[in-house]
Amino acid sequence: MTPALLLVLVFMVYPTLNVFIMSLYKWGGLSRNKTFVGLNNFRILLTDQNFIKSFQNTIMIIVLVTIITISIALIFASILVREKVKGQNFFRIVFYIPNILSVVVISSIFSAIYDPSMGLLNGLLRMFVGEDFVNIQWLGNQKIVLYAIIIAMIWQAVGYYMVMYMASMSSIPIHLYEAAELEGANRITQFFTITLPLVWDTIRTTLTFYVISSINLSFLFVKVMTSGGPDGSSNVILNYMYNQAYTNSSYGYGMSIGVTIFLFSFILSMTVNRVTKRDIYQY
Amino acid sequence: MKEKIRKINIYRIFIYAALGSLAVTIIVPVLWVFMASLKDNSEFYGNPWKLPEGLKFSNFLEAIEIANMGEYFMTSVIVTALALLILLVVAVPCAYVLARFQFRGSRILMSFFHAGIFINVNYIVVPIFLMLLDWDIALRANSGLGFFLDNKFVLALVYAATAIPFTIYLLSNYFRTIPKDFEEAASVDGASHFRTMVSIMIPMAKPSIVTVILFNFLAFWNEYIIALTLMPNSTKTLPVGLINLMQSQRGAANYGPMYAGLVLVMLPTLILYILVQKKLTEGMTVGGVKG
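For the protein sequence lines, the chains are A and B, in the order given.
With the working numbering applied, the first sequence corresponds to residues 1 to 283, in that order.
With the working numbering applied, the second sequence corresponds to residues 1 to 291, in that order.
Among the clues, some could well be false.
Restricting the straight-line Cα-Cα distance to at most 27 Å, the calculated cross-link-like pairs of lysine-lysine (DSSO-like) are [as the list claims (entries may be wrong)]: (1) B:Lys180 to B:Lys206; (2) A:Lys53 to A:Lys84; (3) B:Lys56 to A:Lys86; (4) B:Lys279 to A:Lys84; (5) B:Lys7 to A:Lys84; (6) B:Lys278 to A:Lys86; (7) B:Lys152 to B:Lys50; (8) A:Lys84 to A:Lys26; (9) B:Lys7 to B:Lys56; (10) A:Lys86 to B:Lys7; (11) B:Lys278 to A:Lys84.
Source of the hints: derived by calculation from the structure; they are not laboratory data.
Using the sequences plus the hints, can you model the full thing?
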């Protein structure tokens with residue numbers, strides 16, 4: 001009892017309070033002089049171009065990863081649950097594999113895929129286009145790099161959410177689909193009028209997961225794959241915070257970024273939750 | 001009628017094509033890493049889709065011995081095992097007490113641990129680092145030796161601490177579903193609370209404890225950012241060592257050992273997954289958020 005409480009207090013609660021308090025200070029992290037500056041750190045944030053860029057990138061990642069992953073996961077979950085597919089178990093096992101791999105491993109694999117001269121992706125394109133194919137710098141081009149990271153994140157997430165939706169879908173009674181079939185509704189109509197409304201509650205729960213995990217995982221992906229480059233174009237918010245607080249020794253400033261993103265994720269989750277509220281269908 | 005059968009067939013072909021292509025996009029990159037780990041360095045300059053010409057197992061030897069991946073592997077084993085041990089020893093009794101006994105403040109404690117689930121380590125890793133650094137500085141002033149950074153035990157302790165809230169949430173929910181009759185029978189027979197917990201409750205809660213071990217094994221084994229921050233010097237866990245290896249080998253254009261290192265990191269999790277995949281995908285509905 002006491003040890004658990006103590007561990008959580010020392011290694012979780014105290015550091016968390018520290019984040020909030022230190023966001024009001026100007027402090028390098030290592031020196032002894034801390035100056036209380038009130039909300040000044042937050043004022044600087046508003047005009048910090050790098051902060052704004054990484055905030056935009058984070059929002060872009062949240063939106064795209066959520067929409068694309070949800071669509072793919074729902075489609076495949078409903079195929080695996082509804083259709084009599086041979087090897088259903090095999091597909092479920094394979095789709096879940098990315099979820100057990102370390103993000104470090106996945107990022108490394110995708111670095112290998114995106115490698116300009118030795119990568120799998122350019123190698124594949126070269127086989128189709130021919131030898132005059134010009135290598136694409138997937139992670140070196142400012143316009144492409146963010147999408148490259150987003151694809152890696154989707155690859156990682158699809159299986160996890162698919163298994164979750166499968167669990168929810170398999171509890172829908174078959175007779176609803178049979179009735180719809182008699183009425184002449186095709187698969188797509190069935191999906192939108194039966195499946196989707198009945199798993200809506202699960203989808204809502206996962207929306208919060210998407211917000212939180214996109215913010216957190218994008219940090220790890222970016223850190224390993226590009227460390228924010230080229231030229232800060234793939235920086236995300238937690239990576240920027242880590243760099244400011246740890247590498248750049250602007251600890252207080254870094255913590256104010258942490259507070260901002262924490263409040264942002266909290267408010268976003270609440271809003272999403274509110275907006276998606278529907279009456280739950282009973283069956 | 002014929003028209004309809006053809007339509008169904010096209011639909012089924014489409015389904016298998018979709019399933020197949022998703023499976024391929026997941027399997028191929030993973031298999032390719034295994035292949036690349038056996039390639040000779042010169043092969044990396046050719047077509048990346050070619051199969052390896054020979055099986056160069058010396059890549060693994062090089063990764064383990066020269067790049068220290070063997071040592072990092074042991075570090076990871078020790079840290080993961082220690083963290084799991086600490087987590088279970090600390091969290092199981094706590095969850096049991098919270099699930100079964102009402103006392104002053106037990107409600108508050110429960111919601112305190114619940115709130116802890118929402119604290120994410122990515123936000124607090126630098127504050128933890130500075131706290132340990134502070135302790136080290138204080139300790140050095142007295143004894144001349146640092147203790148808290150680059151320490152496997154401290155890293156395991158931090159891992160365990162960050163996993164406590166969710167573990168307690170999961171276990172205490174499970175304990176509540178176990179009927180009280182067993183404990184009553186035990187206390188009639190004169191067993192102490194501790195004895196009841198060890199010989200009755202823990203065996204009965206085995207499924208949920210196994211889930212906790214599986215998920216946290218994966219979490220601790222795969223963890224990167226805490227290990228990177230709290231072990232700034234030569235002691236490293238496998239994922240941190242891997243990134244180190246990737247950077248140095250890419251600079252030295254020595255690719256085989258790099259992929260051998262990658263295989264070393266993911267092989268244990270893959271083997272575990274193959275053994276217990278059913279438990280994992282069933283348990284994950286209670287598994288919560290990743291990351």
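For each hint, the structure was consulted:
1. Note on B:Lys180 and B:Lys206: the hinted pairing holds, with a Cα-Cα distance of about 17 Å set against a maximum of 27 Å.
2. Under the criterion of a C-alpha separation no larger than 27 Å, the hint pairing A:Lys53 with A:Lys84 is inconsistent with the structure, at around 47 Å.
3. Using a Cα cut-off of 27 Å, the hinted pair B:Lys56 and A:Lys86 is violated, with the two alpha carbons roughly 37 Å apart.
4. For the suggested pair B:Lys279 and A:Lys84, the alpha carbons sit about 23 Å apart, so the restraint of at most 27 Å is met.
5. Annotation: proposed proximity of B:Lys7 to A:Lys84 holds, straight-line Cα distance about 16 Å (limit 27 Å).
6. Distance check on the hinted pair: B:Lys278 and A:Lys86 sit about 18 Å apart at the alpha-carbon level, within 27 Å; holds.
7. For the hint pairing B:Lys152 with B:Lys50, the CA-to-CA distance comes to about 41 Å; that exceeds 27 Å, so the pair is violated.
8. About 62 Å separates the Cα atoms of A:Lys84 and A:Lys26, which puts this hinted pair outside 27 Å; it is violated.
9. At most 27 Å may separate the alpha-carbon atoms for a hinted pair to count; B:Lys7 and B:Lys56 exceed this at roughly 50 Å.
10. Under the criterion of a C-alpha separation no larger than 27 Å, the hint pairing A:Lys86 with B:Lys7 is consistent with the structure, at around 19 Å.
11. With a CA separation close to 20 Å, the supplied pair B:Lys278 and A:Lys84 stays within the 27 Å bound.
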